[in-house]
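Top line first, the protein sequences correspond to chains A and B. Count along the first sequence from 1, then add 9; that gives the number in the numbering used here. Count along the second sequence from 1, then add 80; that gives the number in the numbering used here.
It is worth saying that the hints were derived from the structure and are not from the lab. Treat the hints loosely; a few may be bogus.
[Unchecked claim] Derived contacts from chain A toward chain B, CB cut-off under 10 Å, selection only: (1) Lys22; (2) Ser23; (3) Gly115.
The model shown is predicted, which means the values in this text are computed figures rather than measured ones. Note that beta-carbon positions come from the ideal geometry of N, C-alpha and C, so glycine has one too.
In case you want the letters, here they are:
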Amino acid sequence: MTTVLKRDVLPLKSEQDVVLARQAVRKVAIEQGFGIVDQTKIVTAASELGRNTLIHGGGGEMVIETLLDGARRGVRATFTDRGKGIADIAKALKDGFTTGSGMGLGLGGSKRLVDHFEIRSAPGEGTCITIARWK
Amino acid sequence: MERIPILRMGRFLLVTIQVDMHDRLALALQEDLTSRLSTTGARGVLIDISSLTIVDSFIGRMIANISGMARIMDAETVVVGMQPAVAITLVELGLSLPGVRTALDVERGMHLLQRSVPGFDDDMAAEGVVGADEA
């Protein structure tokens with residue numbers, strides 16, 4: 010069973026918030042004893058998703074959680090916005106797909122960097138993406 | 081607004097990124113570098129990213145852009161000091177920075193630049209930046 014040891018909510022309303030969000034993810038990953046590669050992967054994924062929340066979702070928030078599942082330690086981050094949502098999730102996950110000026114690596118790339126990736130979205134209802142990585 | 085300093089050393093421009101960059105800061109660097117290339121006629125750009133703990137798709141794209149813009153402006157770019165965890169994450173994310181020249185550290189990067197800019201040694205010796213024995 011997964012227990013949430015600690016939970017924090019951070020706003021994602023500006024570019025500086027995205028920087029603070031990835032620093033918060035780094036801090037929790039270090040506390041959980043993640044190695045440098047694991048830290049970098051989840052922080053990079055959080056950076057991609059935090060930017061998406063800001064740019065495509067018009068801002069939102071990130072919930073960062075410290076997890077314990079038996080002897081396993083993990084980090085979970087959930088990005089929520091009330092923006093226009095994603096009409097075709099499968100398409101949005103493909104590398105190279107972009108509606109903005111980016112390279113279209115954000116979603117698919119983030120998914121590859123974490124152990125758990127869950128996306129909930131519908132047009133007009135915003136987007137909620139949860140990622141987790143275990144030590 | 082906060083800006084990343086660009087140092088001139090002879091015919092090269094040196095940039096050391098030491099802050100966790102938000103997106104506008106990265107864009108400002110791109111603009112500042114191209115304008116400095118134009119005013120100084122620099123032939124090479126060395127970007128030291130050894131302090132960067134993450135490179136996500138946005139920063140990766142900025143690095144690729146700088147390299148491409150510099151090439152069009154007759155200057156070579158070498159990116160040095162990428163941390164191993166950052167390299168691993170970047171490739172997994174889907175970014176392999178094609179067309180961007182890299183070196184492990186500043187010293188190797190400088191050698192690479194010096195070799196790739198024809199007539200550089202003579203110019204530097206004339207300006208007294210590099211000793212004659214090195215030229």
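Hints versus structure:
Checking Lys22(A) against chain B by beta carbon gives a least distance of about 13 Å; that is not within 10 Å, so the hint is violated. This hint holds: Ser23(A) has a C-beta 8 Å from the nearest C-beta of chain B, less than the 10 Å allowed. Checking Gly115(A) against chain B by beta carbon gives a least distance of about 6 Å; that is within 10 Å, so the hint holds.
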